[in-house]
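Asker: Chain by chain, the residues run as shown.
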Amino acid sequence: DVKVTQSSRYLVKRTGEKVFLECVQDMDHENMFWYRQDPGLGLRLIYFSYDVKMKEKGDIPEGYSVSREKKERFSLILESASTNQTSMYLCASSPGRGQYFGPGTRLTVT
Amino acid sequence: AQSVTQPDIHITVSEGASLELRCNYSYGATPYLFWYVQSPGQGLQLLLKYFSGDTLVQGIKGFEAEFKRSQSSFNLRKPSVHWSDAAEYFCAVGRTPRSRDSGYALNFGKGTSLLVTP
Numbered sequence: 274d275v276k277v278t279q280s281s282r283y284l285v286k287r288t289g290e291k292v293f294l295e296c297v298q299d300m301d302h303e304n305m306f307w308y309r310q311d312p313g314l315g316l317r318l319i320y321f322s323y324d325v326k327m328k329e330k331g332d333i334p335e336g337y338s339v340s341r342e343k344k345e346r347f348s349l350i351l352e353s354a355s356t357n358q359t360s361m362y363l364c365a366s367s368p369g370r371g372q373y374f375g376p377g378t379r380l381t382v383t
Numbered sequence: 003a004q005s006v007t008q009p010d011i012h013i014t015v016s017e018g019a020s021l022e023l024r025c026n027y028s029y030g031a032t033p034y035l036f037w038y039v040q041s042p043g044q045g046l047q048l049l050l051k052y053f054s055g056d057t058l059v060q061g062i063k064g065f066e067a068e069f070k071r072s073q074s075s076f077n078l079r080k081p082s083v084h085w086s087d088a089a090e091y092f093c094a095v096g097r098t099p100r101s102r103d104s105g106y107a108l109n110f111g112k113g114t115s116l117l118v119t120p
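Just so you know, the protein sequences line up as chains S and V, in that order.
Numbering of the first sequence is given in my numbering, commencing with residue 274 and proceeding in unit increments.
Numbering of the second sequence is given in my numbering, commencing with residue 3 and proceeding in unit increments.
Just so you know, these hints were derived from the structure itself, not from any lab.
For clarity, every value in this text was computed on a predicted model and none was experimentally measured.
Even glycine gets a Cβ: it sits at the ideal position worked out from N, Cα and C.
Each hint should be verified, as a subset may be incorrect.
[Stated by the list, open to error] Here are some chain S residues pointing at chain V (derived, C-beta under 7 angstroms):
(1) L316
(2) L318
(3) F321
(4) G377
[To be verified] Simulated crosslink set (SDA-like; lysine to any residue; CA at most 20 angstroms straight-line):
(5) V:K51 - S:R370
(6) S:K276 - S:V325
(7) S:K276 - V:L50
(8) S:K344 - S:G369
(9) S:K276 - V:Q47
(10) V:K63 - V:Y106
(11) V:K112 - S:P312
(12) V:K112 - S:I333
(13) S:K326 - S:K343
(14) V:K112 - S:M361
(15) S:K326 - S:V297
(16) V:K70 - V:A31
(17) S:K276 - S:I333
(18) S:K328 - V:Y106
(19) S:K328 - V:K70
(20) S:K328 - S:F293
(21) V:K112 - S:R317
(22) S:K344 - S:Q279
Using the sequences provided together with the hints, build the complete structure.
Answerer: The following block contains the structure:
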């Protein structure tokens, strides 16, 4: 069975903190993705990676960076968290077409 | 750029009634299309996908979708809704990769929230 896990279901951080969100997949997929989900806006692509150490910006990369040192792990980094980054963050992995999602991390920045 | 529109933000259906959720896409070539479901507080689960071939696609949980090129639509249907189907439903289209090695990211619609009444 396909499995994508995210390190935390809920996270509360303070403004200005550096925040790491971790995602791990056990399916040997090449592609991994980070989205944020906000009410009324749907899912928006932040970054994705199609191979180890390879990454591409999505539609809203400002304020975020990513790291993919190993094939199974894709990290999203908020360099200096701000209140407008309070959101649900969803990680996905894909062998090519079609994506499998993790349970999400609800991040609150105060 | 590829995009999808879900015209209905909320839909209410009685348990046992049929369901149709609308999705319209914008793309010149044959798109890769998907439907996902999200239960409250959960991640997204893939219901079904269309890449090519038979335009009627069967998915999990009794759902099906029909690709209609002439109408640029990929509507999701279920003949008899169960209370456990109450959730948010997202239609998505695959983006054209930026390079040969780049994977297929998705563009999502804004979702349709389904409420099932007794």
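Asker: Hint by hint, say whether it matches the structure.
Answerer: So, going through the hints one by one against the coordinates:
With its C-beta approaching chain V no nearer than about 4 angstroms, L316 of chain S sits inside the 7 angstroms limit, and its interface hint holds. Given the 7 angstroms rule on beta carbons, the hint for L318 of chain S holds: about 5 angstroms separates it from the nearest Cβ of chain V. A cut of 7 angstroms between beta carbons decides the hint on F321 of chain S: the least distance to chain V is about 5 angstroms, and the hint holds. A cut of 7 angstroms between beta carbons decides the hint on G377 of chain S: the least distance to chain V is about 5 angstroms, and the hint holds.
Straight-line distance between C-alpha atoms of K51 of chain V and R370 of chain S comes to about 9 angstroms, which keeps the hinted pair within the 20 angstroms bound. Between K276 of chain S and V325 of chain S the alpha-carbon distance is near 19 angstroms, which keeps this suggested pair within the 20 angstroms criterion. At roughly 18 angstroms between alpha-carbon atoms, K276 of chain S and L50 of chain V fall within 20 angstroms of each other, so this suggested pair holds. Restraint check for K344 of chain S and G369 of chain S: the C-alpha separation of about 14 angstroms stays at or below 20 angstroms, so the hint holds.
About 11 angstroms separates the Cα atoms of K276 of chain S and Q47 of chain V, which keeps this hinted pair within 20 angstroms; it holds. Of the supplied pair hints, the one linking K63 of chain V and Y106 of chain V is violated, its CA atoms being roughly 25 angstroms apart against a limit of 20 angstroms. Restraint check: the Cα-Cα separation between K112 of chain V and P312 of chain S comes to about 9 angstroms, which is no more than 20 angstroms; the hinted pair holds. The hinted pair formed by K112 of chain V and I333 of chain S meets the criterion: a straight-line CA distance of about 16 angstroms does not exceed 20 angstroms.
Between K326 of chain S and K343 of chain S the CA atoms are separated by roughly 8 angstroms; this keeps the pair inside 20 angstroms, and the hint holds. Among the hinted pairs, K112 of chain V with M361 of chain S is consistent with the structure: their alpha-carbon atoms are about 14 angstroms apart, no more than 20 angstroms. Annotation: proposed proximity of K326 of chain S to V297 of chain S holds, straight-line Cα distance about 15 angstroms (limit 20 angstroms). With a C-alpha separation of about 13 angstroms, the suggested pairing of K70 of chain V with A31 of chain V holds against the 20 angstroms cut-off.
A hinted pair counts as satisfied when its Cα atoms are at most 20 angstroms apart, and K276 of chain S with I333 of chain S does not qualify at roughly 26 angstroms. Between the alpha carbons of K328 of chain S and Y106 of chain V the distance comes to roughly 13 angstroms, so the proposed pair stays at or under 20 angstroms and holds. Using a Cα cut-off of 20 angstroms, the hinted pair K328 of chain S and K70 of chain V is violated, with the two alpha carbons roughly 34 angstroms apart. A distance of roughly 17 angstroms separates the Cα atoms of K328 of chain S and F293 of chain S; the hinted pair therefore holds under the 20 angstroms criterion.
About 10 angstroms separates the Cα atoms of K112 of chain V and R317 of chain S, which keeps this hinted pair within 20 angstroms; it holds. Distance check on the hinted pair: K344 of chain S and Q279 of chain S sit about 15 angstroms apart at the alpha-carbon level, within 20 angstroms; holds.
Going down the numbered hints, you'll see the structure goes against 10, 17 and 19, while the others check out.
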